[in-house]
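A.B. asks: Sequence:
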Amino acid sequence: KMGEDTVVLGSIRDITERKKAEENLRGNQTVLFETQKIAKLQTWVIDFQERTIEVGPGYDQTSEWPEGKYSLEDLVKIIHPLDVDFVNIAWGQASSNNPLDIEFRALLNEELRWVHVMAYNSEFDDGKLRGFAQDVTKRKQAEELAYAQLSLARLVSTVTTDDEALPRCFDVVMEISGT
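Per the numbering used here, residue 1 is the first one in the sequence shown, and the count goes up by one each step.
Calculated from the structure, these hints are not laboratory results. Just so you know, not all the hints are guaranteed correct.
[To be verified] Straight-line alpha carbon distances no greater than 30 Å define the calculated DSS-like cross-link-like pairs of lysine-lysine that follow: (1) K140 x K77; (2) K40 x K138; (3) K69 x K40; (4) K128 x K69; (5) K128 x K40; (6) K37 x K77; (7) K40 x K77; (8) K37 x K140; (9) K37 x K69.
[What the hints assert, rightly or not] The following label-pair restraints were derived from C-beta to C-beta distances: (10) D47 x P167: 33 to 39 Å; (11) P81 x F170: 31 to 37 Å; (12) I38 x G92: 28 to 34 Å; (13) R13 x L107: 54 to 60 Å; (14) I15 x I38: 31 to 37 Å.
Since we're looking at a predicted model, the values are computed, not measured. All C-beta atoms, glycine included, are put in the ideal place defined by N, C-alpha and C.
Work out the full structure: start from the sequences and follow the hints.
C.D. replies: Okay, here's the thing in structure tokens:
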């Protein structure tokens with residue numbers, strides 16, 4: 001109505017710094033995800049109380065497991081049978097505030113893969129183990145080939161002095177290994 005006073009209350013708050021921080025965080029998350037993708041690393045979180053593993057995005061590139069939450073029994077199913085005891089002992093030690101840095105064989109889509117896993121206990125003291133996995137199959141295959149070549153060289157050098165024998169043997173090893 002005309003002639004009456006009107007009161008308007010309001011507040012103004014400058015959120016420029018907050019918006020900059022949020023934008024910076026999004027940028028850092030993008031860089032981190034791209035770095036993990038390039039390095040073929042994948043993060044995961046194990047909750048020993050719930051007996052679950054939560055696999056982050058990108059893990060399917062490392063181990064062909066899609067992002068999601070799985071039981072620890074599902075995890076054990078992909079570990080090579082000869083490595084299960086070793087991995088269980090390592091997980092147990094890691095759940096007791098010890099670092100985890102292991103390599104083990106995994107059977108993924110009926111293919112033998114080598115996986116390097118590192119983990120640390122959460123600074124949040126929530127009973128969860130956080131870490132990453134990386135497929136190191138190609139490196140392990142190269143190491144095995146180098147070991148086979150070295151063993152062959154030692155063997156050949158003990159049975160012959162023929163300078164041509166060793167290169168011929170290496171050629172055979174390379175042909176057999178498909179490299």
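A.B. asks: It remains to establish, for every hint, whether it holds in the given structure.
C.D. replies: Hint check results:
Among the hinted pairs, K140 with K77 is consistent with the structure: their alpha-carbon atoms are about 22 Å apart, no more than 30 Å. Only pairs whose Cα atoms come within 30 Å are accepted, and K40 paired with K138 is accepted, the gap being roughly 13 Å. Our distance criterion of 30 Å between C-alpha atoms is met by K69 and K40, whose separation comes to about 20 Å. For the given pair, K128 sits about 14 Å from K69 by alpha-carbon distance, which is consistent with the 30 Å threshold.
Between K128 and K40 the CA atoms are separated by roughly 23 Å; this keeps the pair inside 30 Å, and the hint holds. Between the alpha carbons of K37 and K77 the distance comes to roughly 25 Å, so the proposed pair stays at or under 30 Å and holds. In summary, the hint linking K40 to K77 is supported, as the alpha carbons are separated by about 22 Å, within the 30 Å threshold. Under the criterion of a C-alpha separation no larger than 30 Å, the hint pairing K37 with K140 is consistent with the structure, at around 20 Å.
Under the criterion of a C-alpha separation no larger than 30 Å, the hint pairing K37 with K69 is consistent with the structure, at around 20 Å. Hint check: D47 to P167, Cβ distance near 55 Å, so the stated range 33 to 39 Å is violated. Between P81 and F170 the Cβ separation comes to about 33 Å, which falls inside the hinted range of 31 to 37 Å. Take I38 and G92: their Cβ atoms lie about 32 Å apart, and the range 28 to 34 Å holds.
Look at R13 against L107: about 56 Å separates their beta carbons, and that is inside 54 to 60 Å. With their beta carbons about 34 Å apart, I15 and I38 fall inside the hinted range of 31 to 37 Å.
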